[in-house]
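Chain P: place on chain W using the hints.
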Amino acid sequence: DAGITQSPRYKITETGRQVTLMCHQTWSHSYMFWYRQDLGHGLRLIYYSAAADITDKGEVPDGYVVSRSKTENFPLTLESATRSQTSVYFCATQRGGPGTEAFFGQGTRLTVV
Amino acid sequence: GQQLNQSPQSMFIQEGEDVSMNCTSSSIFNTWLWYKQDPGEGPVLLIALYKAGELTSNGRLTAQFGITRKDSFLNISASIPSDVGIYFCAGLPLRSQGNLIFGKGTKLSVKP
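Chains as they are written, first to last, in our numbering: chain W, 1493 to 1605; chain P, 1246 to 1357.
The shape of chain P in the complex, shown without the other chains:
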């Protein structure tokens, strides 16, 4: 089946640093979504992207829908301890039955 390659798998950063993570695919996607999962909770939607080239911000978070439609990135600026968690990308392939495909997640750790 189709897969999303999400990287990095994990990150250990200092508070205040910027963070960048991305998802890539060999297939074209119509939709890119970014989620955050706190320990013991379900994923929560951060940003949704529906157009190639679209750049969307949500506070300190910025995500872009790649122009090739095969990738997306998420940036977090000036990280804080509550940014800790697992970040997932999800996408809808161009030719699909309609179900989202999820990346395996990026685990973010922030040192105060």
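Next comes chain W alone, as it looks inside the complex:
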């Protein structure tokens, strides 16, 4: 199916473990984003990528690593998970340049115990 796919949908991990959240898109949109959604904070940008091999920090990048070797994939890695990283994570793409419509994946609910 065309669109944006996140995996896994749900993940429970232990404090200190490394975990990678996957994001795949079939549109070939240049821009891709990772957000986290927490109660009372709305959507906060973690990292974004303007194209393959180009990434930049968002509002809350600490504790996260991203890579983008191919246009269609934008994985997000928590190098050493902490309880404060328990959240719902959304990947998004933007069709045109900055400020154009963003399209979101279904989200990954991550629990760090």
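The hints are simulated quantities; they were obtained by calculation from the structure and are not laboratory data.
Be aware that one or more of the hints could be misleading.
Within a straight-line C-alpha distance of at most 35 Å, the following computed DSBU-like cross-link-like pairs (lysine-lysine) qualify [as the list claims (entries may be wrong)]:
#1 P/K1315 with W/K1503
#2 P/K1315 with W/K1549
#3 W/K1549 with P/K1296
#4 W/K1549 with P/K1352
#5 W/K1562 with P/K1296
#6 W/K1503 with W/K1549
#7 P/K1349 with W/K1562
#8 P/K1349 with W/K1549
Just chain P, lined up with the frame of chain W:
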């Protein structure tokens, strides 16, 4: 950083009523977008606005890009139970690196 003030935070309305929510900022925005998020899902784009004063409809939904470019509103007419969800505004500030800024959302509950 720049912020969007979205209000109200939550609404409890009766089926059939009209709904109005808005987003304001102290800065000028080039773009306003409105999203709806159903429980357990990602936000889905409802309406996109790119010009000051622009008024756009999508079925029972109407959104406007404020003339001052510092605000936008979303109206839902004749609400139905499936309108339940969280509505987010998002905007692109005039002088920005290109990333959207999101409001904190309006949670809508509809009583049948």
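Status of the hints after comparison with the structure:
1. Proposed proximity of P/K1315 and W/K1503 is contradicted: the alpha carbons are some 39 Å apart, above 35 Å.
2. Proposed proximity of P/K1315 and W/K1549 is supported: the alpha carbons are some 26 Å apart, at most 35 Å.
3. A threshold of 35 Å between alpha carbons decides the hint, and for W/K1549 with P/K1296 the separation of about 29 Å falls inside it, so the pair holds.
4. The hinted pair formed by W/K1549 and P/K1352 meets the criterion: a straight-line CA distance of about 29 Å does not exceed 35 Å.
5. Taking the CA atoms of W/K1562 and P/K1296, the gap is about 34 Å. The hint holds against a cut of 35 Å.
6. For the hint linking W/K1503 to W/K1549, the alpha-carbon distance of about 24 Å falls within 35 Å, and the restraint holds.
7. This hinted pair checks out: P/K1349 and W/K1562 have alpha carbons roughly 32 Å apart, not beyond 35 Å.
8. For the suggested pair P/K1349 and W/K1549, the alpha carbons sit about 21 Å apart, so the restraint of at most 35 Å is met.
In summary, the one numbered hint that this structure violates is 1.
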